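> Sequence:
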Amino acid sequence: MSQQPGRVASVYSEVQTSRLNQSLPLPNVLKKPFTVKEGPNSSAAGNPDEIAKLFPNLFGQPSASLVASETEGLNPDQKLRIGVVLSGGQAPGGHNVISGIFDYLQERAKGSSLYGFKGGPAGIMKGKYVELTPEFIYPYRNQGGFDMICSGRDKIETPEQFKQAEETAVKLDLDGLVVIGGDDSNTNACLLAENFRGKNLKTRVIGCPKTIDGDLKSKEVPISFGFDTACKIYAEMIGNVMIDARSTGKYYHCKLMGRAASHITLECALQTHPNATIIGEEVAAKKQTLKSVTDYITDIICKRADLGYNYGVILIPEGLIDFIPEVQQLIAELNEILAHDVVDEGGVWKNKLQPQSQKLFDLLPQAIQEQLLLERDPHGNVQVAKIETEKMLIQMVETELGKRKQEGRYDKEFKGQSHFFGYEGRCGLPTNFDSTYCYSLGYAAGALIHSGKTGLISSVGNLGAPVEDWTVGGTALTSLMDVERRHGKFKPVIKKAMVELDGAPFKKFASMRGEWAIKNRYISPGPIQFNGPASRDISHTLLLELGSQA
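So the sequence shown is numbered by UniProt numbering: it starts at 1 and just counts up by one.
Below 30 Å or equal to it, Euclidean Cα-Cα: the simulated DSBU-like pairs (lysine-lysine) are:
{"#": "1", "residue 1": "K495", "residue 2": "K219"}
{"#": "2", "residue 1": "K126", "residue 2": "K110"}
{"#": "3", "residue 1": "K287", "residue 2": "K359"}
{"#": "4", "residue 1": "K128", "residue 2": "K199"}
{"#": "5", "residue 1": "K386", "residue 2": "K155"}
{"#": "6", "residue 1": "K405", "residue 2": "K359"}
{"#": "7", "residue 1": "K291", "residue 2": "K415"}
{"#": "8", "residue 1": "K199", "residue 2": "K110"}
{"#": "9", "residue 1": "K53", "residue 2": "K489"}
{"#": "10", "residue 1": "K508", "residue 2": "K219"}
Quick list of the computed label-pair ranges, beta carbon to beta carbon:
{"#": "11", "residue 1": "K507", "residue 2": "N75", "range": "41 to 51 Å"}
{"#": "12", "residue 1": "S524", "residue 2": "R409", "range": "31 to 41 Å"}
{"#": "13", "residue 1": "G547", "residue 2": "P40", "range": "22 to 32 Å"}
{"#": "14", "residue 1": "G503", "residue 2": "V343", "range": "36 to 46 Å"}
{"#": "15", "residue 1": "L374", "residue 2": "G532", "range": "46 to 56 Å"}
Please keep in mind that the hints were generated in silico from the structure rather than gathered at the bench. From a predicted model like this one, the values you see are computed outputs, not experimental measurements. Glycine residues also receive a C-beta, built at the ideal position from the N, C-alpha and C atoms.
Given only the sequences and the hints, what does the whole structure look like? Please build it.
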């Protein structure tokens, strides 16, 4: 199969064009002869006995490190046939992972072939692919997006789907497959590796850590790619609305991002210094109620009003509702009630709620009540993702401020402006860090397949040091896994990395938020820099987690 490149360089901006030819440094270990050194046998993130049963061919295998060698440890004359697939949502830098794999093959295994599966995992199952060539890849180097081969959210999970994947691997005579994705996609990569090994196929599977949410990481995988770029894009926009708030002196900008974990919200707070930031993991740990979150925001608004600042910026993670125990209880009760009852105008159904849930429901704005009652998914559950959390909190804050006004505790006018920064960060031009990090991840994935490894995730470490000193290897995917009980069976999942309340990034934030609340310590980072003093900066979160001062 063949296909012409989807991009035309002549319609690029000057910045895009300049990025095309931007050379990328590699860690020293990837520029010279190397061998692969194995570490100790691995275990699992949780329930190792169950993970061992689910992955009998892979469990316990060691992670791998690439180490410098006097002589080349791999056969440069071996002609490899490797497939690559993009899986899940977009993240800046994905094209450079593919470029890194391609360049590894060109430089270290001449005569090899790289096939891009189109449209995500469905491309593997349906056998839809394109052979990648220098001309095909060139327009995508250092560019954002996943449009080189596009992505998809399909999963390879049924026996029939595994059989389709096997047939494609055999048809293309693949030596390896690189799965570029998040926690679900890399869980799927591990299942594929287990399946291929169990069927004695020669196709080896390597994962690459992708997600702007920042929740795919471990000691060996310090950060997922795309996080650095997305946070800088959001931070620029937050800085812009901060200046707008200060210029007009009358708006509160409420913004929202981050689903399962609050890493993006925390990183953007460290970069911009907003007046209030809600971290979902802290809300859950302290078992805070929606009322207490509302009161916290309202208290800051009132304190700032007393100081003459009737404006501000508030950051809220997209998945906040999922962290509030009482809201989850309310939703569970509603799902159960509405599965059997019809909502009646008289509200008789409401009497079936527990008293605490009934009180919470009455506290919610009418629009949110309607969303909870009417927006059902095919399984009869509330579609939590569609609940506009930022608008809900604005309305609840307005109600509370109205009460305080009557009590003489607030004498200003509150004007809330809601924003949702989400898709804007997924396909930006990758930062220097993400460009280089992704290129190294891809190059390393090629090396791991060349060395005969499978069931590993490409791992590049020591990221606080110059690129030349980065470490390179692969981490056993089973070592990142735990199990969840679904439909009476144990299913493997890569554990999401949540914000650690005793970690350095949160501690730094917690030590400063009191000052940010009442004083204007706003920082406007501006657009992403590719050259100049800020071009080499990496995220506060990563630096703090590495023990460096951010």
